[in-house]
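*Asks:* Sequence:
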Amino acid sequence: MLKINEIETESVKKLLFKFSIPSIIAMLANALYNICDKVFVGIGVGVLGISAISISYTVTLAIMGFSMLVGLGATSLVSIKLGEHNIEKCEIIVGNTFTLSFIVSIILMILGYSFLTPMLSIFGASGKVLEYAKIYTGILLIGTPFQILSYSMNNILKGQGKAKRAMLNFLISIILNVIFNPLFIFVFHLGIAGSALATILSTAIGTIFSTSPYFLKNALIKIRYKNLKLRKDIISSSLSIGVSGFVMQLSMSLITILFNKQCLHYGGNIAVAAYGIINSLIMLIYMPIYGINQGVQPIIGYNYGAKKYDRVRDSLKLSIIAASIISSIGFIIFQLFSKNIFILFGKNSSQLIAIGTPAMKIFSISTPIIGFIIIGLSYFQYIGKAGYSIVLSLLRQIVIIVPLIIILPRFIGINGIWVSTPITDFIVTVVMLILICPEIKRLNIKMTGTL
Numbered sequence: 001m002l003k004i005n006e007i008e009t010e011s012v013k014k015l016l017f018k019f020s021i022p023s024i025i026a027m028l029a030n031a032l033y034n035i036c037d038k039v040f041v042g043i044g045v046g047v048l049g050i051s052a053i054s055i056s057y058t059v060t061l062a063i064m065g066f067s068m069l070v071g072l073g074a075t076s077l078v079s080i081k082l083g084e085h086n087i088e089k090c091e092i093i094v095g096n097t098f099t100l101s102f103i104v105s106i107i108l109m110i111l112g113y114s115f116l117t118p119m120l121s122i123f124g125a126s127g128k129v130l131e132y133a134k135i136y137t138g139i140l141l142i143g144t145p146f147q148i149l150s151y152s153m154n155n156i157l158k159g160q161g162k163a164k165r166a167m168l169n170f171l172i173s174i175i176l177n178v179i180f181n182p183l184f185i186f187v188f189h190l191g192i193a194g195s196a197l198a199t200i201l202s203t204a205i206g207t208i209f210s211t212s213p214y215f216l217k218n219a220l221i222k223i224r225y226k227n228l229k230l231r232k233d234i235i236s237s238s239l240s241i242g243v244s245g246f247v248m249q250l251s252m253s254l255i256t257i258l259f260n261k262q263c264l265h266y267g268g269n270i271a272v273a274a275y276g277i278i279n280s281l282i283m284l285i286y287m288p289i290y291g292i293n294q295g296v297q298p299i300i301g302y303n304y305g306a307k308k309y310d311r312v313r314d315s316l317k318l319s320i321i322a323a324s325i326i327s328s329i330g331f332i333i334f335q336l337f338s339k340n341i342f343i344l345f346g347k348n349s350s351q352l353i354a355i356g357t358p359a360m361k362i363f364s365i366s367t368p369i370i371g372f373i374i375i376g377l378s379y380f381q382y383i384g385k386a387g388y389s390i391v392l393s394l395l396r397q398i399v400i401i402v403p404l405i406i407i408l409p410r411f412i413g414i415n416g417i418w419v420s421t422p423i424t425d426f427i428v429t430v431v432m433l434i435l436i437c438p439e440i441k442r443l444n445i446k447m448t449g450t451l
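The sequence shown runs 1 to 451 under UniProt numbering.
Heads up, simulated DSS-like pairs for lysine-lysine below, C-alpha to C-alpha not over 25 Å straight-line:
(1) K261 <-> K361
(2) K13 <-> K307
(3) K307 <-> K446
(4) K446 <-> K317
(5) K18 <-> K307
(6) K441 <-> K307
(7) K385 <-> K232
(8) K13 <-> K317
(9) K385 <-> K441
(10) K134 <-> K261
(11) K18 <-> K222
(12) K307 <-> K385
(13) K308 <-> K446
(14) K317 <-> K164
(15) K317 <-> K385
(16) K164 <-> K89
(17) K385 <-> K446
(18) K89 <-> K217
(19) K441 <-> K308
(20) K217 <-> K229
(21) K89 <-> K232
(22) K164 <-> K13
(23) K89 <-> K308
(24) K13 <-> K446
(25) K307 <-> K14
(26) K307 <-> K317
(27) K307 <-> K89
(28) K164 <-> K14
(29) K385 <-> K308
(30) K361 <-> K339
(31) K441 <-> K317
(32) K308 <-> K14
(33) K308 <-> K18
(34) K222 <-> K89
(35) K308 <-> K13
(36) K217 <-> K164
Have a look at the derived ranges for each label pair, beta carbon to beta carbon:
(37) I406 <-> S350: 26 to 34 Å
(38) I87 <-> K385: 22 to 30 Å
(39) I427 <-> A193: 37 to 45 Å
(40) L336 <-> H189: 33 to 41 Å
No lab work stands behind these hints, which were simulated from the structure alone. Backbone N, C-alpha and C define an ideal beta-carbon position, used for all residues, glycine too.
Using the sequences provided together with the hints, build the complete structure.
*Replies:* Okay, here's the thing in structure tokens:
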């Protein structure tokens, strides 16, 4: 097991590899599951089932956003406090996060069930798709406490440098999901309800594995009863850092709603299904980058707290390079094999292939720069400068892309929907460079001791 002080002494390259690989494996497994989920539903339910999941995905993104609000801020604080060797404060943060996870979950469940039908209708569901979406989302909401608690506790494990344990916890949930999904859909004939049940059951089991390390006698950080009572200073600090991830994820949820409605208007349910598939495919590239992002988080947070600014700078540069290589490989794959990929999802639907193939090629044009965007945006969050992350998130998820999605299709049809994402990414990259270059210069100045 990696000793915590090695985060400030061991080679940055070695640490990044050690922390990122488990996260990458876990994230890739999750992306592959999302693809398999749509394949299973596509075979067992049909294209309308895929459309329903695509619309319900908006709710999943929203729940994940609240998971990030609770978990990311806590993880950053724990990493920084570990760098300061303040274990007592770490335990207070973890205890408060445990309690907050349940409170937020209950509120979300109540709101979700209260407005389920009108909410899904606003998201673009109607007719048979609405029927499927209500079944799927209604079951998923039951698992909200498991999703938020599992995400928060697992993320904090990564913040402690326990990336392998966090990976195993996540993989257990994913593997069970892949097993349960075809079992419930094809053996028990539960249809789209079976897919949702598989998700919450596997997440519940994963939550047990994610929280159990905090109750072990030899745990570095423990969940203690006295720390479960919420403290205003802890919650405000945690949420202020986690809010950037929350804004980004909630914005993704809102953008997904807009994408679905525009796809429905310009291409019908087939276009909605195509967009859902593209999202899953893009995630196959995003997830390894998120793995690198999560792997570098404890290194940056710990060393920033320990004032090891040279290691912070090196970690940032290495993670951007690694993420950019992965995103470039994804770009090549999507450009060369988009048709072959869509045949897998709908070999009996020529319309799905006809719409999805060119859409994939256009949508993925900006993939090579995604690595830089994701790492750069999260960097500011990891060092406690959440304001920059929020601004960049809003630019990418709302300010630029929303007008493009609304305006461009009026002139160039459905292709206007697909091209809005790459245009947005290129603009955000320019803004990111303007913000991050001075930050690297400040790190260099701090390293010389002149600031």
